[in-house]
Amino acid sequence: MELKLVIKTGRSAVVEFDDGGKYYSKEEYTLLINGEEYGKTEKVVTTIYGLKPDTEYKITAVYAGKEYGPVEFKTDYEYVTLNVREFGAYGDGEHDDTNAIQCAIMAAPKDSRVLVPEGVYKISSIFLKDNLNLELAKGAVLSAFTERNKFPILPGQIETYDEKDYYNLGTWEGNPLDMFSAIVCGINCSNVTITGEGTIDGCTTHDNWWKNCKIRNTAWRPRLFFINNCSNVTMHGITVQNSPSWTIHPYFSKHLKFIDVKILNPANSHNTDGLDPESCQDVLVLGTYISVGDDCIAIKSGKIYMAQKEKTPTEDMTVRQCCMRDGHGAVTVGSEIAAGVKDVHIRDCMFMNTDRGLRVKTRRGRGKLSVLDDISFENIDMDNVMTPFVVNSFYFCDPDGKTEYVGSRKPLPIDDRTPSIKSLTFKDINAKNCHVAGAYIFGLPESKVEKLTFENINFSYAKDAKPGVAAMMLGCDEASRQGLIVSNVEKLILKNVNIEGCDGEAIVADNVDKIERD
0 MELKLVIKTG RSAVVEFDDG GKYYSKEEYT LLINGEEYGK TEKVVTTIYG
50 LKPDTEYKIT AVYAGKEYGP VEFKTDYEYV TLNVREFGAY GDGEHDDTNA
100 IQCAIMAAPK DSRVLVPEGV YKISSIFLKD NLNLELAKGA VLSAFTERNK
150 FPILPGQIET YDEKDYYNLG TWEGNPLDMF SAIVCGINCS NVTITGEGTI
200 DGCTTHDNWW KNCKIRNTAW RPRLFFINNC SNVTMHGITV QNSPSWTIHP
250 YFSKHLKFID VKILNPANSH NTDGLDPESC QDVLVLGTYI SVGDDCIAIK
300 SGKIYMAQKE KTPTEDMTVR QCCMRDGHGA VTVGSEIAAG VKDVHIRDCM
350 FMNTDRGLRV KTRRGRGKLS VLDDISFENI DMDNVMTPFV VNSFYFCDPD
400 GKTEYVGSRK PLPIDDRTPS IKSLTFKDIN AKNCHVAGAY IFGLPESKVE
450 KLTFENINFS YAKDAKPGVA AMMLGCDEAS RQGLIVSNVE KLILKNVNIE
500 GCDGEAIVAD NVDKIERD
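Here numbering that gives the first Met the number 0 is used: position 426 in the sequence shown is 425, and no number is missing along the way.
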């Protein structure tokens, strides 16, 4: 076992136990800080709180009498702490504390901490700024109002003075549209850390934001956390829950870290994706737990209008040591991916009770910039996932989703509207208690998936497998216990793929140019 330091702040540190576990460590370790016992942990990625700023620490881990480490570091310097209570916040769950918290944020100098102590703080939207360290203490809850008239609106497009360009603030499902500001919002800011053991609660129910959720009311629903054109942003330790729509939505931002975060939304909530990086670069998701009512992680890059304007894919993204459960897809690519997605790697994770493991959602009309390439899943355990791998190039979203153009299985002419999928790799994966199919892969007949690799994969099926529809596409019928269904692929590589308990043929390949087996 190797003990590693992940990040540090002025008041906390994150360590990683590299012992071969996925999200949960293989053993329970006792943590020692400067020789004194801190506590026990069974998580691979563990946060240590209660440290002092500008102080040297040595952390070791003990299991069965053996000591691992140490990791040594010095916590960050802290100039001053601004307690929001001293700025007039009540924290009683009744008063509107938005202005008091915003005042503390705006007054904070560099290398300082804005502290939200234990209590329930009612807020609408608060805005981040450069060089901010915002800490939500244990027992602190930022509890959102749900009345629309309390939230500002972020316009989708504001025309520039010379009428040659526009300024984009709001967005909805891949297009620049007016939206209510997020509960926590950052616009054009950098060097921000949101940390602590506290909670941001959207307080959403089917009586407010989730009611008539597909109908725009004044503006589109807010996110719980939204950053637009931000850089060097870290969210660490906190819990975010009951979001009005997408929970964490980084937009045209870069150098982002989401570490040891808990993202919780009810299974019957609408459009409550956990984390949706859209046209972002350099994203790390580590040690995070996600249980939501839609896709756990949905990687996006806008619809064709934004793609042609900005030409900004989501790229250089890593997801490690995470636990995802109860969502529609554990990790989804799409459907708004008109600028493409590349260099995305998911490894050392657990997927439980999700409808799908990987879920690619694309379709004709996403455009020639919509290139998906170098996407890999490695060292993953899946349990009770309905269909572990789904690649759907006929996703019937949007008003034209069920037209002949989107749904036709016949090859159509390749033009500027045609998306493409290049390389997808799945390696060292155990998927047990599958229900619908092991994999359901459909490229476009005129633009086949170029390379699809399955290596060291074990599929087994639930004894009471429930029938379902693997992909949201025309012609995909309800089924159960299917093997690998693969269509419209140039090169299919199968190395040590074991399929136990499926009904019918283990591998059904249609319009596949070349199959390589071990």
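Think of the hints as simulated: they come from the structure by calculation, not from any bench.
A virtual CB, placed ideally from N, CA and C, is assigned to each residue, including glycine.
One thing to keep in mind: the hints can contain errors.
[Claimed, not checked] List of simulated lysine-lysine pairs, DSBU-like, C-alpha gap at most 30 Å:
id : residue 1 : residue 2
1  : Lys149    : Lys128
2  : Lys213    : Lys7
3  : Lys462    : Lys421
4  : Lys367    : Lys431
5  : Lys310    : Lys421
6  : Lys163    : Lys7
7  : Lys401    : Lys490
8  : Lys25     : Lys57
9  : Lys490    : Lys421
10 : Lys128    : Lys367
11 : Lys73     : Lys163
12 : Lys308    : Lys341
13 : Lys401    : Lys462
14 : Lys51     : Lys39
15 : Lys256    : Lys308
16 : Lys213    : Lys3
17 : Lys426    : Lys401
18 : Lys341    : Lys465
19 : Lys128    : Lys163
20 : Lys73     : Lys256
21 : Lys65     : Lys42
22 : Lys462    : Lys367
[To be verified] Simulated DEER-style distance windows between Cβ atoms:
id : residue 1 : residue 2 : range
23 : Asn187    : Asn207    : 50 to 58 Å
24 : Met0      : Asp502    : 36 to 44 Å
25 : Asp427    : Glu477    : 52 to 60 Å
26 : Gly92     : Asn148    : 43 to 51 Å
27 : Asn455    : Asn190    : 23 to 31 Å
28 : Glu445    : Gly49     : 56 to 64 Å
29 : Asn190    : Glu515    : 43 to 51 Å
30 : Glu77     : Asp415    : 46 to 54 Å
* **Range agreement (Cβ of Glu515 with Cβ of Asn190, hint 43 to 51 Å)** => Given range 43 to 51 Å: holds, Cβ gap about 48 Å.
* Is the hinted pair Lys73 and Lys256 satisfied, with a Cα-Cα distance of at most 30 Å? -> 20 Å, holds
* Straight-line alpha-carbon gap Lys51 to Lys39, limit 30 Å -> Roughly 20 Å between the alpha carbons, so the hint for Lys51 and Lys39 holds.
* Asked: Given the hint that Lys256 pairs with Lys308, does the C-alpha gap stay at or below 30 Å?
  -> 27 Å, holds
* Are the Cα positions of Lys341 and Lys465 separated by 30 Å at most? -> 34 Å, violated
* Asked: Has the given pair, Lys490 with Lys421, been kept, meaning a C-alpha gap of at most 30 Å?
  -> 10 Å, holds
* To do: Mind checking the hinted window 52 to 60 Å against the Cβ distance between Asp427 and Glu477?
  => 31 Å, violated
* **Hint check for Asp502 and Met0 - Cβ pair distance inside 36 to 44 Å** => Once the Cβ atoms are compared, 42 Å apart, the range 36 to 44 Å for Asp502 and Met0 holds.
* Given a hinted range of 56 to 64 Å, is it respected by the beta-carbon distance of Glu445 and Gly49? -> The hinted range 56 to 64 Å holds for Glu445 and Gly49, with Cβ atoms some 59 Å apart.
* CB-CB spacing for Asn190 and Asn455 relative to the 23 to 31 Å hint -> Between Asn455 and Asn190, where Cβ atoms are some 41 Å apart, the hint is violated.
* Lys462 paired with Lys367 [C-alpha distance capped at 30 Å] -> 43 Å, violated
* **Holds or violated: Lys128 to Lys163, with C-alpha atoms at most 30 Å apart** => 28 Å, holds
Checked against the numbered hints above, the structure breaks hints 2, 3, 4, 6, 10, 11, 13, 16, 17, 18, 22, 23, 25, 26 and 27 and satisfies the rest.
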